[in-house]
Amino acid sequence: MIVTSGWYLTLAAVLFVIGAIGLLVRRNALIMFMAIELMLNAVNLTFVAAGHRIGTLDGQVAVFFVLVVAAAEVAVGLAIIVAVFRQRRTASVDELSDLRG
Amino acid sequence: MVDAVLFVIVATTAVAGALGVVMARNPVYSAMGLLATMFSLAVAYVVHLAHFVAFVQVIVYAGAVMTLFLFVIMLIGVDRSEDTSESLPAQRLLVILLTGLIAGIAGILFFAVGFEWVGPDPASLSPSGTIEALSTELFAGWLLPVLSTALLLTISAVGALTLAYFRPTRRTP
Amino acid sequence: MAESIWIVIAAPLAGAVLLHFFGRWLGEPGSGWLATLTVGVAFGFAFTAAIPFFQGTGEPQSVVLYSWMPAVGATFELLWDPLSALMALVVTGVGGLIHLFSIGYMHGDERFGRFFTYLNLFVASMLILVLADNFAVLFLGWELVGLCSYLLISFWFTRPAAAVAGKKAFVVNRIGDLGFVVAVMLIFASFGTLSFSDVFANAPDVLSAGGAAAIGVLLLLGAAGKSAQLPLHVWLPDAMEGPTPVSALIHAATMVTAGVYMIARVSPIYELAPTASAVVAIVGALTALFAATIAFTQTDIKRVLAFSTISQLGYMFMAVGVAGYVAGAFHLMTHAFFKGLLFLGAGSVMHALAGEQNMHRMGGLFRRMPVTALTMAVAALAIVGIPPLSGFWSKDDILAVVFGQGDWYYLLWALGILTATVTAFYMTRQYLLVFAGRPRWEEGAEPHESPLVMTAPLVVLAVLAFFGGLVNTPFSPGLEHFLEPSFEGVTVSHPSTGTLVPLAIVVLLAEAVGVAAAALVYLGPVAARVRLLGRVRGAWEAIRAGYHIDELYAAAVASPGEQAAVWAAFAFDARGVDGVVNGVARVVGRLGATVRPLQTGYVRNYALGIAVGATGLAVWLLARGL
Numbered sequence: 001m002i003v004t005s006g007w008y009l010t011l012a013a014v015l016f017v018i019g020a021i022g023l024l025v026r027r028n029a030l031i032m033f034m035a036i037e038l039m040l041n042a043v044n045l046t047f048v049a050a051g052h053r054i055g056t057l058d059g060q061v062a063v064f065f066v067l068v069v070a071a072a073e074v075a076v077g078l079a080i081i082v083a084v085f086r087q088r089r090t091a092s093v094d095e096l097s098d099l100r101g
Numbered sequence: 001m002v003d004a005v006l007f008v009i010v011a012t013t014a015v016a017g018a019l020g021v022v023m024a025r026n027p028v029y030s031a032m033g034l035l036a037t038m039f040s041l042a043v044a045y046v047v048h049l050a051h052f053v054a055f056v057q058v059i060v061y062a063g064a065v066m067t068l069f070l071f072v073i074m075l076i077g078v079d080r081s082e083d084t085s086e087s088l089p090a091q092r093l094l095v096i097l098l099t100g101l102i103a104g105i106a107g108i109l110f111f112a113v114g115f116e117w118v119g120p121d122p123a124s125l126s127p128s129g130t131i132e133a134l135s136t137e138l139f140a141g142w143l144l145p146v147l148s149t150a151l152l153l154t155i156s157a158v159g160a161l162t163l164a165y166f167r168p169t170r171r172t173p
Numbered sequence: 001m002a003e004s005i006w007i008v009i010a011a012p013l014a015g016a017v018l019l020h021f022f023g024r025w026l027g028e029p030g031s032g033w034l035a036t037l038t039v040g041v042a043f044g045f046a047f048t049a050a051i052p053f054f055q056g057t058g059e060p061q062s063v064v065l066y067s068w069m070p071a072v073g074a075t076f077e078l079l080w081d082p083l084s085a086l087m088a089l090v091v092t093g094v095g096g097l098i099h100l101f102s103i104g105y106m107h108g109d110e111r112f113g114r115f116f117t118y119l120n121l122f123v124a125s126m127l128i129l130v131l132a133d134n135f136a137v138l139f140l141g142w143e144l145v146g147l148c149s150y151l152l153i154s155f156w157f158t159r160p161a162a163a164v165a166g167k168k169a170f171v172v173n174r175i176g177d178l179g180f181v182v183a184v185m186l187i188f189a190s191f192g193t194l195s196f197s198d199v200f201a202n203a204p205d206v207l208s209a210g211g212a213a214a215i216g217v218l219l220l221l222g223a224a225g226k227s228a229q230l231p232l233h234v235w236l237p238d239a240m241e242g243p244t245p246v247s248a249l250i251h252a253a254t255m256v257t258a259g260v261y262m263i264a265r266v267s268p269i270y271e272l273a274p275t276a277s278a279v280v281a282i283v284g285a286l287t288a289l290f291a292a293t294i295a296f297t298q299t300d301i302k303r304v305l306a307f308s309t310i311s312q313l314g315y316m317f318m319a320v321g322v323a324g325y326v327a328g329a330f331h332l333m334t335h336a337f338f339k340g341l342l343f344l345g346a347g348s349v350m351h352a353l354a355g356e357q358n359m360h361r362m363g364g365l366f367r368r369m370p371v372t373a374l375t376m377a378v379a380a381l382a383i384v385g386i387p388p389l390s391g392f393w394s395k396d397d398i399l400a401v402v403f404g405q406g407d408w409y410y411l412l413w414a415l416g417i418l419t420a421t422v423t424a425f426y427m428t429r430q431y432l433l434v435f436a437g438r439p440r441w442e443e444g445a446e447p448h449e450s451p452l453v454m455t456a457p458l459v460v461l462a463v464l465a466f467f468g469g470l471v472n473t474p475f476s477p478g479l480e481h482f483l484e485p486s487f488e489g490v491t492v493s494h495p496s497t498g499t500l501v502p503l504a505i506v507v508l509l510a511e512a513v514g515v516a517a518a519a520l521v522y523l524g525p526v527a528a529r530v531r532l533l534g535r536v537r538g539a540w541e542a543i544r545a546g547y548h549i550d551e552l553y554a555a556a557v558a559s560p561g562e563q564a565a566v567w568a569a570f571a572f573d574a575r576g577v578d579g580v581v582n583g584v585a586r587v588v589g590r591l592g593a594t595v596r597p598l599q600t601g602y603v604r605n606y607a608l609g610i611a612v613g614a615t616g617l618a619v620w621l622l623a624r625g626l
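Chains as they are written, first to last, in the numbering used here: chain C, 1 to 101; chain Z, 1 to 173; chain B, 1 to 626.
FYI, nobody ran anything at the bench for these hints, they're computed from the structure. Beta carbons: idealized from backbone N, C-alpha and C, even for Gly. Mixed in with the good hints, there may be bad ones.
Said to hold, decoys possible - Derived CB-CB ranges, DEER-like:
(1) Z:Phe71 with B:Gln599: 26 to 36 angstroms
(2) B:Val588 with C:Arg86: 34 to 44 angstroms
(3) C:Arg86 with B:Ala574: 48 to 58 angstroms
What the hints assert, rightly or not - Taking beta-carbon pairs under 10 angstroms as the criterion, some of the chain B residues facing chain Z (in silico):
(4) Tyr602
(5) Arg604
(6) Leu608
(7) Ala611
(8) Val612
(9) Thr615
(10) Ala618
(11) Val619
(12) Leu622
Looking at chain C on its own, in the form it has when it is part of the complex:
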């Protein structure tokens, strides 16, 4: 069986779905963040595989930028979680539900 890009794309899709479900199910802010990272990685894999199939370097260029933005996002996001933890002494996002109707 020839391993085509389709296989890798499917893998990426599976990883993405697992990450999404993890985001929806877990309460711990840190673990939710890690699920987000998982989703970003899945997207990166998609980009690389698709770019390789098409035959240009555009996929890898996109991955480059996604990587940078993810890194920046992680820095700021974790800083927020730390700040919130200092205030509320909890890492559970369910406790942070004051903005409600």
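The hints should help you fit chains Z and B onto chain C, whose structure is shown.
Chains Z and B in isolation, oriented as in the chain C frame:
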């Protein structure tokens, strides 16, 4: 043959790591799972001749981002187990339904097209993702975005610093 | 000369504008003199412009001042012919004398300047009315005098009675104006123009008998409102709340005569509608007797004169209803003289007694106020109709014209005779109560004669009331010749001297009866009077209350109107309209409350929402793609 074996290894590790992220009680275990996934993905990048991206993945993502995660876990001290009962009504149910839905759609697609849902690969290979090739591409056509990302990183660093040093003023109740 | 006739209007109008801005600065009595001056200028100019008509050589002339909307007949054009000249002279002449009187009467009032602003504005408005050459300008003047009447009746607006009276006058006028406006619309629909010359020239060709009758009756409605005829007379007695010069000028000499003038002016249409003219005459006769009976039950000196005015206006309507336009205009003129004089005299008396209006608290004023007493005697004799004073000539003219119609008009003539008797009675009664007998006024009041600025107009008017009738005796019908150019095509019946003399004697007899009866009752002992009153108390009180017509209107018209207003305000508006508005707000609120639970505050719920949406979008895109 080699491709298939490679793929199986990569896929297994990645999925196992992903499941570990989502299902582990201990956040440190989740971090470990994520690390495994990232390493396997780096291998996948190499398979696709994206060498530079693979390097960056290991160095930045696995090396810096995950380290940051572990630091924060240590800082916050969340090593206790988390309560497993779902506090939000209908959330779990809806998530299960959603998963079923997605699985169903995926199944339908697969049965219709098979794994060949993308079609056979073209004969010629894409250019190798070496540093020279990628940097030529980046700095030739994508200079402005690259510099913007530099700015972005600076801003995020400053932002993180600000948030870290933020001390809530004491308010009398 | 006649091309500049607009100066007659411009002078008092300029006076009104100047006084509006500078009245307070001019103060007393400067503003009064300025107002009198403008009216005097108008009089002088009108007199000069009327000289050709005096000589019998003048031709009616139309002057177009400004063509605003010719398509709908709205041009500002004036007509200068003998009829409008007569009206203009009466308005400015008598008006000027009343302005002079007011300088003394309104002394000390804190809104002195504003009073003269309104008075000048009124004179200007009345002149617009009488100088109009089309129905649009006529209506403009018509409405303006109504406005001025309202402003002047409620001049002392801090008194609730005055404010209410002003409102009542305006509203009742409005009812009449409805008839007027509909008539004007009918005229425009029939003729396509509103200009007098076009309308009157083509009237025989354009109007059917029915159409002319309809227009005639509708115009009568308007005239009845303005001239206080049945059934729209109720505002005039209440209008006595205004200062006495206002009562003299507007509600005796000029504004109330606008209805008579209007009917006379529209004579070509009435000539085509004998039915409408008959209605006019009947209304006039009935009103005359009706008002006269109420007049002799009143105790307020001004209300007697108010009802007297309504009664005399009835005479004028009777006249123009039988095509006696000259007789009607003649009585209009003499009435302006003697009624104006009566009102000013009453004002003089009130001024002397510090505002007392109840005749039972007057008496014995002859010696204290000789000038007022003598001039009022002249006026009283004139209105009763004693020769050779003016009232005799004009009243007999009217009665003669009515008699000359024959048939059932004899009935109207009889009503006129009866009215003359009652007129004589109440006038004598008033004079005796005020000037004769023993003083019944308050202790401490020191009545004395009024200052010259007030007595001079009295004297002038007395002279006019005495000799004014000589302009149109059957021996030398000067007025008739004067007005000939205005009433071409109208045949005036001239009863022979053989008929006239007996008629005059009958009238004189009727009047003598009235005078004698009043003298008997009111020169006699008070006790006899009281006993007499006791026997007719019920009827007396009913008549005194105006036959309860005011109450009738209140119950039939005002009350339902008020109920409708209450319903509209509290039921429809508060519950209906507000209910809808509040209901909408409530619905929106409930909608919001229903949707609000979606905002749980939990990030994971929101993430789920995003996931569901994204999945749906992906499915949709795939479905389209496949």
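Cross-check of the supplied hints:
The hint said 26 to 36 angstroms for the Cβ distance between Phe71 (chain Z) and Gln599 (chain B), and at roughly 34 angstroms that hint holds. Taking 34 to 44 angstroms as the suggested C-beta distance range, the pair Val588 (chain B) and Arg86 (chain C) conforms, at roughly 41 angstroms. In this structure the supplied range 48 to 58 angstroms holds for Arg86 (chain C) paired with Ala574 (chain B), their Cβ-Cβ distance being about 57 angstroms. Taken as an interface hint, Tyr602 (chain B) checks out: its beta carbon lies about 6 angstroms from the nearest beta carbon of chain Z, inside 10 angstroms.
Interface hint at Arg604 (chain B): satisfied, since its Cβ lies 6 angstroms from the closest Cβ of chain Z, which is below the 10 angstroms cut-off. A cut of 10 angstroms between beta carbons decides the hint on Leu608 (chain B): the least distance to chain Z is about 6 angstroms, and the hint holds. Here the hint on Ala611 (chain B) is kept, as its CB sits about 6 angstroms from the closest CB of chain Z, short of 10 angstroms. Given the 10 angstroms rule on beta carbons, the hint for Val612 (chain B) holds: about 6 angstroms separates it from the nearest Cβ of chain Z.
Against a cut-off of 10 angstroms between C-beta atoms, the interface hint on Thr615 (chain B) holds, since the closest Cβ of chain Z lies about 6 angstroms away. Below 10 angstroms, beta-carbon pairs count as interface contacts, and Ala618 (chain B) has one with chain Z at about 8 angstroms; its hint therefore holds. The beta carbon of Val619 (chain B) comes within 6 angstroms of a beta carbon in chain Z, closer than 10 angstroms, and the hint placing it at the interface holds. The interface hint given for Leu622 (chain B) is met, as the beta carbon of that residue sits about 8 angstroms from the closest beta carbon of chain Z, less than 10 angstroms.
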